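Asker: What follows is each chain in one-letter form.
Number of protein chains: 2
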Amino acid sequence: MSDETIDDLMDATYRALCKHGYADLTMQDIAAESDKSKGTLHYHFDGKADLLESFLAYLLDRFEERTESVPGETPADRLHALFDELLTPTDEEAAAEFRTAVLEIKAQSPYNEAYRERLQEFDRALHDRIADLVAAGIEAGQFRSSVDPDETAEFLVTVFHGGQTRAAAVDRPLDRTKASVHEYIDAVLRSDAAVGEGGDDGQRGADE
Amino acid sequence: MSDETIDDLMDATYRALCKHGYADLTMQDIAAESDKSKGTLHYHFDGKADLLESFLAYLLDRFEERTESVPGETPADRLHALFDELLTPTDEEAAAEFRTAVLEIKAQSPYNEAYRERLQEFDRALHDRIADLVAAGIEAGQFRSSVDPDETAEFLVTVFHGGQTRAAAVDRPLDRTKASVHEYIDAVLRSDAAVGEGGDDGQRGADE
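Chains as they are written, first to last, in numbering that gives the first Met the number 0: chain A, 0 to 207; chain B, 0 to 207.
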């Protein structure tokens, strides 16, 4: 398949997941959202689980592209921007549906090793992105030297998943998680020396 | 039904969920784990979703009983103990299976209003338990006066869900979340005056 065909098929998978959820999703549903036939899909993929594994790999690639160069002058700014990016849906209209579908896939992960590996790759990629920014922030004197980049990254990945789970399961707005993370970065990670420096005095909310 | 019958049925539901997961679970599976017939179950419940809604309500009651009087001399000790209780499975052997089943139910919540209401009740109960302990800790001078009990409780409920989701989806040990929460309580909530006071110097790990 050409890259373009793959992109089209992944977009179709995204739309079909938002429309039907994970449990009820069929290859026919995905074909219906694309310009390919169900037969073509079955030629390239061993079924729904195989196609969705490719979809998870595609999401990881997109995540890495989107977060490779988050904006910001300092590591702290970039860490804030990373969580703005992570916790702001790119597609507001289908955000709730997509979040639910992803939670369904996470809940399938114990039954499906390929899903689990993809999700673990995502966790590692997110962890590494955060840990690098935290380490850079310590290096720059913005974050306390007592902060552990690895532990901090682990904790923030957990907060990310908790926010997503609660948004899907109990309708808790993702903006509240976003505000908590900004607060955590400013109140817990920032060194006293950095607070009040320059134009950014650590006041930052979910509304930015 | 007598309280005893309900308890037996809820135990049977628990065992059936651990054995079969949520998606494949049938009324017959639950009957097979109890001394009741499938017919009796159908007499009392409108089907699997209705029975599971009762099961969620039962879990909430048990949660409130278990956490009503967590041990500890001070509010900070009790907050640590609450998270030890929350993040230590009562049934180690079936812990992973049960966690997966609960995640499946959370992922069904957007499709099932009754599940969502029960899960929201759980979130509120957990939030209130934490917020009360944080407020008591501020009152006692153990926690900084700048700590907001409501915001802190919201954040820690999110961390709880994140830990559960990651344990189920990517095999991340729940003990790591437990250690992060203990660290958060000691490093972020504790007032400087309280650290080093008495026998508890803020050193506390997941191994307690």
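These are computed hints drawn from the structure, not numbers from a lab. Remember, it's a predicted structure, so these values are computed and weren't measured experimentally. Misleading hints may appear alongside valid ones.
What the hints assert, rightly or not - Distance condition first, Cα-Cα at most 30 Å in a straight line; then the derived DSSO-like pairs of lysine-lysine:
#, chain 1, residue 1, chain 2, residue 2
1, B, K47, B, K18
2, A, K35, A, K18
3, A, K47, B, K47
4, B, K18, B, K35
5, A, K47, A, K37
6, B, K47, B, K35
7, A, K47, B, K35
8, A, K18, A, K47
9, A, K18, B, K35
Asker: Work down the list of hints and note, for each, if the structure agrees.
Answerer: Here is what the structure says about each hint:
1. Distance hint between K47 (chain B) and K18 (chain B) is fulfilled; the C-alpha atoms sit about 15 Å from each other, no more than 30 Å.
2. Annotation: proposed proximity of K35 (chain A) to K18 (chain A) holds, straight-line Cα distance about 18 Å (limit 30 Å).
3. This hinted pair checks out: K47 (chain A) and K47 (chain B) have alpha carbons roughly 26 Å apart, not beyond 30 Å.
4. Of the supplied pair hints, the one linking K18 (chain B) and K35 (chain B) holds, its CA atoms being roughly 18 Å apart against a limit of 30 Å.
5. Distance restraint check for K47 (chain A) and K37 (chain A): the Cα-Cα separation of roughly 11 Å lies within the 30 Å cut-off, and the hinted pair is therefore satisfied.
6. For the proposed pair K47 (chain B) and K35 (chain B), the alpha carbon gap of about 15 Å is at most 30 Å, so the pair holds.
7. For a cut-off of 30 Å, the pair hint linking K47 (chain A) to K35 (chain B) is broken: about 38 Å separates their Cα positions.
8. Using a Cα cut-off of 30 Å, the hinted pair K18 (chain A) and K47 (chain A) holds, with the two alpha carbons roughly 15 Å apart.
9. Simply put, K18 (chain A) and K35 (chain B) have alpha-carbon atoms about 39 Å apart, too far for the 30 Å limit, and the pair is violated.
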